[in-house]
Amino acid sequence: MKKVIILSILLSTLGLQAKAQFSVQQNIDYCAKQASKTISTLPTDGQLNIPRSINKNTKDWRLVDYQDWCSGFWSGALWYLYEGTKNPFFKTQAERFDKQLFPLSEQKVAYDHDLGFQIFCSYGNGYRLTKNPSYKKVILNTANVLATLYNPKVGTILSWPREVQKFGAHNTIIDNMINLELLFWASKNGGNKNLYKIAERHALTTMKNHFRDDYTSYHVVLYDTLTGKKIKGITHQGYADNTMWARGQSWAIYGFTMCYRETKNTKFLDFAQKVTDVYLKNLPDESLIPFWDFNVSDIPNAPRDASAAAVTASALLELSTLVKDKKKAAFYYSKAKKMLESLSTTNYQSGTVNNAFLLHSTGNMPIGGEIDASIIYADYYYIEALLRYKKMNQNK
13 MKKVIILSIL LSTLGLQAKA QFSVQQNIDY CAKQASKTIS TLPTDGQLNI PRSINKNTKD
73 WRLVDYQDWC SGFWSGALWY LYEGTKNPFF KTQAERFDKQ LFPLSEQKVA YDHDLGFQIF
133 CSYGNGYRLT KNPSYKKVIL NTANVLATLY NPKVGTILSW PREVQKFGAH NTIIDNMINL
193 ELLFWASKNG GNKNLYKIAE RHALTTMKNH FRDDYTSYHV VLYDTLTGKK IKGITHQGYA
253 DNTMWARGQS WAIYGFTMCY RETKNTKFLD FAQKVTDVYL KNLPDESLIP FWDFNVSDIP
313 NAPRDASAAA VTASALLELS TLVKDKKKAA FYYSKAKKML ESLSTTNYQS GTVNNAFLLH
373 STGNMPIGGE IDASIIYADY YYIEALLRYK KMNQNK
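Residue numbering for the sequence shown follows this note's numbering, starting at 13 and increasing by one per position.
A few of these clues could be false.
Just the calculated beta-carbon pair ranges, DEER-fashion [unchecked claim]:
1. A342 / K178: 24 to 34 angstroms
2. P55 / K340: 18 to 28 angstroms
3. E353 / K178: 38 to 48 angstroms
4. P55 / K402: 29 to 39 angstroms
5. T53 / I383: 19 to 29 angstroms
6. K143 / S309: 49 to 59 angstroms
Distance condition first, Cα-Cα at most 25 angstroms in a straight line; then the derived DSS-like pairs of lysine-lysine [said to hold, decoys possible]:
7. K279 / K336
8. K286 / K244
9. K276 / K103
10. K165 / K103
11. K276 / K336
12. K120 / K148
13. K165 / K111
14. K165 / K149
15. K244 / K279
16. K279 / K340
17. K149 / K103
18. K148 / K68
Calculated from the structure, these hints are not laboratory results.
Every residue, glycine too, gets a C-beta built ideally from N, C-alpha and C.
Using the sequences and the hints given, assemble the complete structure.
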């Protein structure tokens, strides 16, 4: 008996105590309960009612309207919950919030690049699950709006029109890789075929200019608007211009994985692995949850970023099905599973702390925005990753 007790203490000290079997459906159901609690608190009288974030040590969601770049993640998460639980309540709620996003599809010129996040996460998932023709129309219209930001001389979509004067240049951020999926989808589902060319060219230009020799990503790249030549790479939300901002690298992993799926261009598959491998190599510990920037000076006391882990977990599950090397595929899958397991512990699930799914995400550290907070895009990619994991294992 003493030997058993001593062994148990040793294992606990080493952080190796036995874990309960990871249950994907249990965690999907957990998210459903959290979302239901959130819905019960949201205004129904036309006020701001789309959840964006919950600051540390508070319980109330910061609410935004349809123009906020995060506006599509909430209804997108509801669509995933409908898919994961088969409860029509979540379908009804997703449709309710989608209606508020409709004006985004009627713009003549895009305000910024985030239309993919706003519309493809929401209407895209809605159309995938319902085949509602009105949803398809919104998606196709929005793809055309996004394309108005494309600069053919540069070869990328302008991310922030509002910042052109400040930078004196065309700017493209790594986050923009995710919005290309909207263009690829539209080009294959009745939209303008040129949208495919725009998305592919943007990805190729980003691959050429957005990365350092070690395959870590700049957050922002500035281009000469007239000549299209790269001026320099900088950061906006990272620690410094030459550091690996965690969520930015996760956008790259997700974006180039998606680009390979859509184009079958092996350059994208090879590059997706390169940007993935440097991220995985530099993760700080066995939890696989990164600090908000891999090179920030106050590690290990720096805040983590659960949102980067959620984005990466979802991307790695898909990447594991695309790589040809079975050993590497298994490696990516195992890392994704471990990330999901870590996110699904009481260390990262919000539980009774607040009504979000996850804790400990970092939004914009340089300006002190959403630090160690619950953020809606972390929840969105977490539930997406859970569903991907479930689909991959349902026949095993």
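Q) Hint by hint, which ones does the structure fall short of? A) 1, 2, 9, 10, 13, 14 and 18
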